[in-house]
Amino acid sequence: MLEGRNAKNPEIIGFACSYCTFKASEMAGSLRMKYPDGVKLVQVPCSSRVDPAFVIKAVFEGADGVFVAGCHPGDCHFIKGNYFTRRKVAALKEMFDTFSIKDKLHLFWVSAAEGRRFVEKVSGMYNEIKEKKNAGKTN
Amino acid sequence: MQGKQIKIDTIKDALNEFLKDEQHLVLGFETSKDGVRHRIFKSSLEHFSLLNPFFDVNGALYLRRLFSRGSQIILLLRPCEIRAYSELVKLNQIEREGITAVSIDCFGAVSAKDGENETLADVDQPKDYFKDTEKMRWTCLVCRERRGVVGDAGIRIGKDGTIWVFPYTGKGENFLSLLSGELQEAVEMAIVEHAKPEKFATDMTEFAKDISKCILCRNCKAMCPVCYCIDCVFNGDEYLPKGDALLNKVFRTGSTDMPPGKELFHMIRMYHVSQVCVGCGSCEEACPQGISLTKYFKGVSERLQGMFSYMSGRSFDEDIPYLTFLEDELKDAED
Ligand code: SF4
Ligand code: SF4
Ligand code: SF4
Chain B
500 MLEGRNAKNP
510 EIIGFACSYC
520 TFKASEMAGS
530 LRMKYPDGVK
540 LVQVPCSSRV
550 DPAFVIKAVF
560 EGADGVFVAG
570 CHPGDCHFIK
580 GNYFTRRKVA
590 ALKEMFDTFS
600 IKDKLHLFWV
610 SAAEGRRFVE
620 KVSGMYNEIK
630 EKKNAGKTN
Chain U
59 MQGKQIKIDT
69 IKDALNEFLK
79 DEQHLVLGFE
89 TSKDGVRHRI
99 FKSSLEHFSL
109 LNPFFDVNGA
119 LYLRRLFSRG
129 SQIILLLRPC
139 EIRAYSELVK
149 LNQIEREGIT
159 AVSIDCFGAV
169 SAKDGENETL
179 ADVDQPKDYF
189 KDTEKMRWTC
199 LVCRERRGVV
209 GDAGIRIGKD
219 GTIWVFPYTG
229 KGENFLSLLS
239 GELQEAVEMA
249 IVEHAKPEKF
259 ATDMTEFAKD
269 ISKCILCRNC
279 KAMCPVCYCI
289 DCVFNGDEYL
299 PKGDALLNKV
309 FRTGSTDMPP
319 GKELFHMIRM
329 YHVSQVCVGC
339 GSCEEACPQG
349 ISLTKYFKGV
359 SERLQGMFSY
369 MSGRSFDEDI
379 PYLTFLEDEL
389 KDAED
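Respectively, the protein sequence lines represent chains B and U.
Note that our numbering has the first sequence beginning at 500, numbered continuously upward.
Note that our numbering has the second sequence beginning at 59, numbered continuously upward.
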């Protein structure tokens, strides 16, 4: 189920809120900061638009990791969206933990001004997964 | 606790009186020579049964999209059915107006698939159904709430075999007033609270093995009382690929099992019902392949509900966790 084509280079799917994290990724681009090619972003109108079904599907279609990213709590464009996101993703993590695949899912907050934080977050996640993958530890 | 001690005939008489009104209905159990089944009674009760030792479907399934439109309906069902009803009320799938939900102490149930059911129907004392628990469904053995303590009122069985009725809401009070007798201090009950469940854990290998026989008929979804979306994500080919989409998937990810996507289907459904699953085992009853689904659905949902100290259907007043939040919580979930 989870064998990707790229044995060594992880593929990461990130769901990024268009008001903050996605903007941060654009800012990182305009500042010529690099982040790994294997990170593919899906722009969503709000992190709470991410039905956990999307995340589960991404994992089953071979993603080595998935992240959901949005504005910091309290800063949602839709006022409360990211609070709901946090509950949903926390529960999804618990479910992944039940199936011993918790490592595959990450949740973080990156505001539109935090281009550097965006690069650090996704690179960190990418490298961690890559290391485990090359050590043959991921399932 | 104060309640009314009654006889089974007291309930039957009261319900028959209630049913004299054209607009009044009772959803409960009926005995027949083939066992005990759900029935909606109008005008009068025939072969009414307070308890049902056989489980086929969760009665709340029949209530989805129910708006009573002026009629009065009394539900007399098991705790897992009343809990599902209560979740559906919170999800705006049932209009609570006009409905009085009464939960009845449950001594567990055997699968309706079990051919030897008939013998059980002859037992007079409900407590004696399961002297020998061997036949009882697994999900009933580990049921978290068999006590009739949910809904508007509860019918409970005392240790000494006496029958008691307790009101929990205003509607419950009204129900109680239909029954003759005085309020008095109750005896000790036969069924007590269940201990907290153990934390369920598994892995993808075990899961894949258990699910491998699945033919994706989706009966489990159709018979789940709380899985109610009209437009399910699995209605199209996006999530369960066929034809070109299937080949694309194979080229993209390597090989695939057949039918493709059954683990995906169950994982997504498991998440979608995680806050509202009542652990009734309807899904498992419905499965023609005999897959032990409840182990996963119940196990996962108990963990996910536990995170929010929630229990599906325990009360009308607790919000479903995904529909609310606290500003300061779950810091551990953030990376
Ligand atoms: S799951 Fe619980 S309430 Fe439902 S039939 Fe079994 S024991 Fe009774
Ligand atoms: S998932 Fe299964 S156990 Fe849970 S409510 Fe639905 S039918 Fe009942
Ligand atoms: S009822 Fe059984 S065979 Fe049918 S989809 Fe559900 S698990 Fe699969």
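If you're looking for bench data, these hints aren't it; they were derived computationally from the structure.
Virtual Cβ for every residue (Gly too), placed ideally from N, Cα, C.
Hints may be right or wrong, so weigh each one.
As the list claims (entries may be wrong) - Chain B stretches covered by chain U per the calculated footprint, using a threshold of three residues with CB under 8 Å from any CB of chain U:
id: 1; segment: 522 to 529
id: 2; segment: 533 to 542
id: 3; segment: 612 to 619
To be verified - Heads up, simulated EDC-like pairs for lysine to aspartate or glutamate below, C-alpha to C-alpha not over 20 Å straight-line:
id: 4; chain 1: B; residue 1: Lys556; chain 2: U; residue 2: Glu385
id: 5; chain 1: B; residue 1: Lys579; chain 2: U; residue 2: Asp261
id: 6; chain 1: U; residue 1: Lys320; chain 2: B; residue 2: Glu560
id: 7; chain 1: B; residue 1: Lys579; chain 2: U; residue 2: Asp289
id: 8; chain 1: U; residue 1: Lys267; chain 2: B; residue 2: Glu560
id: 9; chain 1: B; residue 1: Lys539; chain 2: U; residue 2: Asp393
id: 10; chain 1: B; residue 1: Lys556; chain 2: U; residue 2: Asp375
id: 11; chain 1: B; residue 1: Lys631; chain 2: U; residue 2: Glu385
id: 12; chain 1: U; residue 1: Lys279; chain 2: U; residue 2: Glu296
id: 13; chain 1: U; residue 1: Lys257; chain 2: B; residue 2: Glu560
id: 14; chain 1: U; residue 1: Lys267; chain 2: B; residue 2: Asp596
id: 15; chain 1: U; residue 1: Lys353; chain 2: B; residue 2: Glu560
id: 16; chain 1: B; residue 1: Lys556; chain 2: U; residue 2: Asp386
id: 17; chain 1: B; residue 1: Lys601; chain 2: U; residue 2: Asp289
id: 18; chain 1: B; residue 1: Lys601; chain 2: U; residue 2: Asp393
id: 19; chain 1: U; residue 1: Lys267; chain 2: U; residue 2: Glu321
id: 20; chain 1: U; residue 1: Lys389; chain 2: B; residue 2: Asp536
id: 21; chain 1: B; residue 1: Lys579; chain 2: U; residue 2: Asp295
id: 22; chain 1: B; residue 1: Lys556; chain 2: U; residue 2: Asp295
id: 23; chain 1: B; residue 1: Lys629; chain 2: U; residue 2: Asp289
id: 24; chain 1: U; residue 1: Lys389; chain 2: B; residue 2: Asp602
Tested hints:
| no. | hint | in the structure |
| --- | --- | --- |
| 1 | 522 to 529 | violated (count 0) |
| 2 | 533 to 542 | violated (count 0) |
| 3 | 612 to 619 | violated (count 0) |
| 4 | B:Lys556 / U:Glu385 | 29 Å, violated |
| 5 | B:Lys579 / U:Asp261 | 34 Å, violated |
| 6 | U:Lys320 / B:Glu560 | 13 Å, holds |
| 7 | B:Lys579 / U:Asp289 | 25 Å, violated |
| 8 | U:Lys267 / B:Glu560 | 19 Å, holds |
| 9 | B:Lys539 / U:Asp393 | 18 Å, holds |
| 10 | B:Lys556 / U:Asp375 | 34 Å, violated |
| 11 | B:Lys631 / U:Glu385 | 34 Å, violated |
| 12 | U:Lys279 / U:Glu296 | 18 Å, holds |
| 13 | U:Lys257 / B:Glu560 | 28 Å, violated |
| 14 | U:Lys267 / B:Asp596 | 18 Å, holds |
| 15 | U:Lys353 / B:Glu560 | 25 Å, violated |
| 16 | B:Lys556 / U:Asp386 | 30 Å, violated |
| 17 | B:Lys601 / U:Asp289 | 29 Å, violated |
| 18 | B:Lys601 / U:Asp393 | 12 Å, holds |
| 19 | U:Lys267 / U:Glu321 | 10 Å, holds |
| 20 | U:Lys389 / B:Asp536 | 29 Å, violated |
| 21 | B:Lys579 / U:Asp295 | 33 Å, violated |
| 22 | B:Lys556 / U:Asp295 | 13 Å, holds |
| 23 | B:Lys629 / U:Asp289 | 38 Å, violated |
| 24 | U:Lys389 / B:Asp602 | 17 Å, holds |
Violated hints for the displayed structure, listed by number in ascending order: 1, 2, 3, 4, 5, 7, 10, 11, 13, 15, 16, 17, 20, 21 and 23.
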